[in-house]
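Chains as they are written, first to last, in UniProt numbering: chain F, 1 to 368; chain E, 1 to 368.
These are calculated hints, taken from the structure and not from any lab test. Keep in mind it's a predicted model, so treat the numbers as computed, not measured. Wrong hints could be hidden among the right ones.
Identical copies carry no separate label here, and so any pair may be met within one copy or between two of them.
[Claimed, not checked] Okay, derived cross-link-like pairs now, DMTMM-like style, lysine to aspartate or glutamate, Cα gap no bigger than 20 Å in a straight line:
id, residue 1, residue 2
1, K157, D364
2, K148, D66
3, K61, E50
4, K157, D92
5, K157, E293
6, K346, E234
7, K148, E342
8, K148, D320
9, K157, E88
10, K148, E85
11, K157, E96
12, K61, D31
13, K346, D31
14, K12, E226
15, K157, E200
16, K61, D239
17, K346, E319
18, K12, E356
2 protein chains.
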Amino acid sequence: MTRPDDVLCTLKVSLGERSYPIHIGPGLLGDARWLVPHLAGRQVMVVTNETVAPLYLERLKAALPDDLTVRELVLPDGEATKTLESVERIWDALLEAGFNRRCTLVGLGGGVIGDMVGFAAACYQRGVAFVQVPTTLLSQVDSSVGGKTGVNHPRGKNMIGAFWQPRAVLIDTDTLSTLPSRELSAGLAEVIKYGLIRDEGFLAWLEARMADLRGLEPAALARAIERSCSLKAEIVAEDETEQGVRALLNLGHTFGHAIETHQGYGRWLHGEAVGTGMLMAAELSRRLGWLDEADVARTRATLEAAALPLAAPADMTGEDFLAIMRLDKKNLDDRLRLILLEGLGKACIHDETPPEILSRLLEDFPRR
Amino acid sequence: MTRPDDVLCTLKVSLGERSYPIHIGPGLLGDARWLVPHLAGRQVMVVTNETVAPLYLERLKAALPDDLTVRELVLPDGEATKTLESVERIWDALLEAGFNRRCTLVGLGGGVIGDMVGFAAACYQRGVAFVQVPTTLLSQVDSSVGGKTGVNHPRGKNMIGAFWQPRAVLIDTDTLSTLPSRELSAGLAEVIKYGLIRDEGFLAWLEARMADLRGLEPAALARAIERSCSLKAEIVAEDETEQGVRALLNLGHTFGHAIETHQGYGRWLHGEAVGTGMLMAAELSRRLGWLDEADVARTRATLEAAALPLAAPADMTGEDFLAIMRLDKKNLDDRLRLILLEGLGKACIHDETPPEILSRLLEDFPRR
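Build out the structure end to end from the sequences listed, making use of the hints.
The following block contains the structure:
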């Protein structure tokens, strides 16, 4: 087993008084040094789900000193549990345990757990400490930065929530060993996204190290996660309120969201749909004259090396895509707003794609 | 009818980017000038209760330009409705109306409405604009400043909530004409509190103008509300995180809370219990040698002029008081923490009241 200190790295997210560290490396979960300094007081509530609990809950708890009051809550797994009712279960458990304003909530699990536990922390007694321990690659590179917490409402995803920063994020790369390989690939799609939108050098590094990443080589994982979080932190710092550059984080998401919606949530993983969506964005950028064939081929090869799908669903027509894309909330008035590529490592917001070029792409892009 | 501009005053609460104005005066509710500049976009949801709606909802809506999308939601009245379920009704209504992140929530009513609507705004799509239109004296001088929002949980008051600042607070002193006189007196208790803890000159002004206040003289009301909000704003600015000086706002509350708890919530109004509690704090301060007879007599006379009760409940023993006071969350370890007076206009935090002096006060303080 690799010892944490060998490949550990720490990234600081700078937000004034609300700045926090992201610690990344193998073995963090079982080592009190990484969690204990971030606890607000002596009361700790660990919230996790039924999939993650049997794998990592005991390891995390064993690392906590005996003189703390530690409670746990295990929720069902899955996006369907991301509801206000689940957050109410967390609040009920906190009150039943008599936890005060100096307690700390620890979210152990993927993006759903992180979003719910962060929201529970944001509103318990008007805000308590929160430590995030993301156990999926997607949540490690996405929800570690940005402070978005919340739950779904029957009428829309993430409709109820708050911005609430964690005290710390602990990313134990060992947890990826139990992640299903489709989910690992889906996480890699988001990693590749950061290279495509902002850092061509990182993209080149990813092409070179993709086999190591899929083989869960700890140093490669730590580097990929660190660079992804760091790029996201740069973008969020430039645009905390989501007016401009932060939209670039949606590369591939307009096409991808159309796939997810058409297919029904769950059949395609979010990262899989985003991966295909990024390839569609690259191909559209080529047709607009911004990328050349070699750029698109490089994008395709990188996604392929990550074992991501390279073709849209067989049963989805160009008109199916357009109908869903027209409802996207990024659009202004009647214009489709797309995130495209001016070059590899250089994304842009584009409102003026000629409709006939877009329609043709949606028709002739490969189907599975 | 007095025209707004005659006695209007505006207080700015300084919180950097989150600074906001409190406009105070008669007739504000029916005058678009005060509300419209604070709307974030063109979607407005007015939330009020069944008591206030028939009195003021139409007047407020009539002042809004026709080109806005205005919806309303009328909730039941009373502390029992201050629940997460009520806040969910607000979120459901917002989503049903298709309101986006640029909508504005207007809370028209007392403290319960303000706390719930503020919390709904804090968490709708991770935070939308909120304008507070408090219609009781207590909410005008208390919840206008401090940014506390939230709801009760079966296990405790205000357990779920957020800090969320309004875009503006509009205090129409005309709304006090429909306030039951017991509630007016209860609000005056909080006004007197600000004088007692921090401003002897304001206390003297209150003694001189109490009859005008009870007679709802607009200029006197505006001055009393402005000075109360301003004193609270000073205290909150010195101690945003409730570590120190903000505790002074609890003058009379430890005794008062014991009365409310013992009698069952609702039999004594909060302000009535706080009024009697402040007199108990003044009398205890005298026995500790900090106030003289004349100071206590002045305090009693001011409360009496505001038509507040001056004696504790007949069926409540000294031991009843102590049993409840020992549970107060301000206490550290086993010591009772009390807010007392070093002088009129000068409150202090006191951890070392000799138990026998406190017990004697609780036994021999007048009963009704």
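Hints, one by one, checked against the model:
1. Taking identical chains as interchangeable, the C-alpha atoms of K157 and D364 are never at most 20 Å apart, the minima being 31 Å within one chain and 60 Å between chains.
2. For the identical chains of this complex, K148 and D66 are neighbours neither inside a copy (32 Å) nor across copies (35 Å), given an alpha-carbon limit of 20 Å.
3. In this homomeric assembly, K61 and E50 come within 20 Å of each other (Cα to Cα) only inside a single copy, at 16 Å, whereas the closest approach across copies is 50 Å.
4. Proximity of K157 and D92 under a CA criterion of 20 Å is satisfied inter-copy only: 13 Å between copies versus 24 Å inside one chain copy.
5. For a Cα distance limit of 20 Å, the shortest separation of K157 from E293 qualifies neither inside one copy, at 37 Å, nor across copies, at 63 Å.
6. For the homomeric pair K346 and E234, the shortest alpha-carbon distance inside one copy (14 Å) is at most 20 Å, but the shortest distance between copies (49 Å) is not.
7. Within a single copy, K148 and E342 get their C-alpha atoms no closer than 28 Å, and across copies no closer than 46 Å, so neither meets the 20 Å cut-off.
8. Neither within a single protomer nor between protomers do K148 and D320 lie at most 20 Å apart by alpha-carbon distance, with minima of 30 Å and 46 Å respectively.
9. In this homomeric assembly, K157 and E88 come within 20 Å of each other (Cα to Cα) both inside a single copy, at 18 Å, and across copies, at 15 Å.
10. Taking the shortest alpha-carbon separations for K148 and E85, only the intra-copy value of 19 Å comes in at or below 20 Å, while the best inter-copy value is 23 Å.
11. Taking the shortest alpha-carbon separations for K157 and E96, only the inter-copy value of 14 Å comes in at or below 20 Å, while the best intra-copy value is 29 Å.
12. Proximity of K61 to D31 under the C-alpha cut-off of 20 Å is restricted to the intra-copy arrangement: shortest distance 10 Å within a copy versus 59 Å between copies.
13. Taking identical chains as interchangeable, the C-alpha atoms of K346 and D31 are never at most 20 Å apart, the minima being 39 Å within one chain and 50 Å between chains.
14. Taking identical chains as interchangeable, the C-alpha atoms of K12 and E226 lie at most 20 Å apart only when both belong to the same chain, with a minimum of 10 Å there against 44 Å between chains.
15. Taking the closest pair of Cα atoms, K157 and E200 never come within 20 Å of each other, the shortest separation being 32 Å inside a single copy and 53 Å across copies.
16. Proximity of K61 and D239 under a CA criterion of 20 Å is satisfied in neither setting, with 37 Å inside one chain copy and 35 Å between copies.
17. For a Cα distance limit of 20 Å, the shortest separation of K346 from E319 qualifies neither inside one copy, at 29 Å, nor across copies, at 73 Å.
18. In the homo-oligomer, the alpha carbons of K12 and E356 never lie at most 20 Å apart, since the shortest distance is 45 Å inside one protomer and 54 Å across protomers.
Consistency note: the structure conflicts with the earlier hints numbered 1, 2, 5, 7, 8, 13, 15, 16, 17, 18.
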